[in-house]
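**Q** Protein sequence lines correspond, in order, to chains A and B.
Position 72 (the first sequence) corresponds to 72 in this note's numbering; numbering is contiguous.
Position 97 (the second sequence) corresponds to 97 in this note's numbering; numbering is contiguous.
Hints in this document: simulated from the structure, not taken from any laboratory.
Heads up, none of these hints are tricks.
Capping the alpha-carbon separation at 30 angstroms, the derived lysine-lysine pairs in BS3-like fashion look like this:
id : chain 1 : residue 1 : chain 2 : residue 2
1  : B       : K2        : B       : K42
2  : A       : K20       : B       : K45
3  : B       : K103      : A       : K64
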Amino acid sequence: GAVVSQHPSWVICKSGTSVKIECRSLDFQATTMFWYRQFPKQSLMLMATSNEGSKATYEQGVEKDKFLINHASLTLSTLTVTSAHPEDSSFYICSARGGHQPQHFGDGTRLSIL
Amino acid sequence: RKEVEQDPGPFNVPEGATVAFNCTYSNSASQSFFWYRQDCRKEPKLLMSVYSSGNEDGRFTAQLNRASQYISLLIRDSKLSDSATYLCVVNRNQAGTALIFGKGTTLSVSS
Numbered sequence: 001g002a003v004v005s006q007h008p009s010w011v012i013c014k015s016g017t018s019v020k021i022e023c024r025s026l027d028f029q030a031t032t033m034f035w036y037r038q039f040p041k042q043s044l045m046l047m048a049t050s051n052e053g054s055k056a057t058y059e060q061g062v063e064k065d066k067f068l069i070n071h072a073s074l075t076l077s078t079l080t081v082t083s084a085h086p087e088d089s090s091f092y093i094c095s096a097r098g099g100h101q102p103q104h105f106g107d108g109t110r111l112s113i114l
Numbered sequence: 001r002k003e004v005e006q007d008p009g010p011f012n013v014p015e016g017a018t019v020a021f022n023c024t025y026s027n028s029a030s031q032s033f034f035w036y037r038q039d040c041r042k043e044p045k046l047l048m049s050v051y052s053s054g055n056e057d058g059r060f061t062a063q064l065n066r067a068s069q070y071i072s073l074l075i076r077d078s079k080l081s082d083s084a085t086y087l088c089v090v091n092r093n094q095a096g097t098a099l100i101f102g103k104g105t106t107l108s109v110s111s
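Isolated chain B, as found in the complex (with noise of 0.2 angstroms):
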C-alpha cells in the first residue's frame, strides 16, 4: 500500500464552483499534515497545513480524520488561478522528518 494516496484526477470545474479532494495515508504514526500545491514543471508550493480540528484559510478548508487516517481540502468559488495539482502530503513519522508526497490530484478551472 502507498504511504499517501490521492484520486488523480482531473477534476475539471467552472469556475465559482466548489470542489473536494481527498488523500489517505498509510502510516499511523504521521504527525504532520500538508496541503502542496505545483505548477507544471514548478516546485511544489505549502498551500497550507492541515490540523486535527481542522482549518481554513480563504476560499480553502482542510480537515483532518486521525482514526481514519483521512485528509481532505475544499476549495469554494474556484477561481482559474486554482488550476494546478494538489498535493497531499504527510511528514515519515515524528515531526521534522521526510515529507511522504501523494500522487497529486489535478485540478482544471474554466471559464
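Bound-form chain A, shown alone (with noise of 0.2 angstroms):
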C-alpha cells in the first residue's frame, strides 16, 4: 500500500535551533500534504494544509513564519520549526494524498527542545 515516511522520527535540539522535518510520499504522487501536531494527551491538531506548488494555507493560531512549509514537489513536504523553544515539544505528523488515494501518515516526529 501506499506509503509515507517521515524523518527524522526523533530529534533533540537546543532552545534556539530551526528543525526541518521531511515527509516524502513513496509511491504515490501527493498533491496535497497536512501537517499536524499533537501534545500530549491532545488530539492531532491541524496545522496547514500544503498543496504542490503552492504556499500553504496556515490553520488560525498557527505562526506561518514560525513553521515554514515547503512542498516543491509532488513527492516531498518539508516544515521548518524556525528557532524552537521549548514550548514547540512535541509530536509532529504529516499525511499525504494524491487523486483519488486516502491520506497517508508518516511516522511522526517526536520534537524535544531543550
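Got two chains here, separate frames each, mind docking them using the hints?
**A** Put into C-alpha cells, the structure is as follows:
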C-alpha cells in the first residue's frame, strides 16, 4: 500500500535551533500534504495544508513565519520549525494524499527542545 | 464548539466485553467520516471509514447519523490488543480536504 516516510523520527535540540522535518510519499504523487501537531494527551491538531507548488494554508493560530512549509515537489514536503523553543516540543505528523488516494500518515517526528 | 468532540474515557473493560464510543461533529458540510486507532507514541492508523448506511468490519461496527451529526463505533468481543486510543475523524468539508481529529477515547481491555 501507499507509504509516507517522515524523517527524522526523533529530534532533540537546543532552544533557538531551527529544525527541518521531511515528509515523502514513496509510491504515489502527493498533490496535497497536511501537517499536524499533537501534544501529550491531546488530539492531532491540523497546522497547515500544503498543495504542491503553492503556498501553504495555515490554520488559525499557527504562525507561518515560525513554521515554514515547503512543498516543491509531488513527493516531498518539509516543515521547518524556526528558532524552536521548549513550548514547540511536540509530536509532528504529516499526511499525504494524491488523486483518489485516501490520506496516508507518516510515522511522526518527536521533537524535544531543551 | 470544537469541530469534533468525543468522550475521552478511559473505558476500562474486561476481555470479551462490548464497548461503544460516540462522537459528534459540528460542520454539517463534512462528507467523510472515519475511525482511527492510535497506539501510544505512534501515528494514527485508519480503522475504518464510516458510511451513512452503517458498516461492519469483523468485530467493529460504525454508524453515522447525519441529521444528528453523530458517529459511533461499537467493538464486540473486546481483545487485549484493542487497547488503544480511538479517534473520531471527519474531513473539513469537501472530500479530500483536511482531516479533523477528535481528542480520542482511550480504551483499556484487561484479562
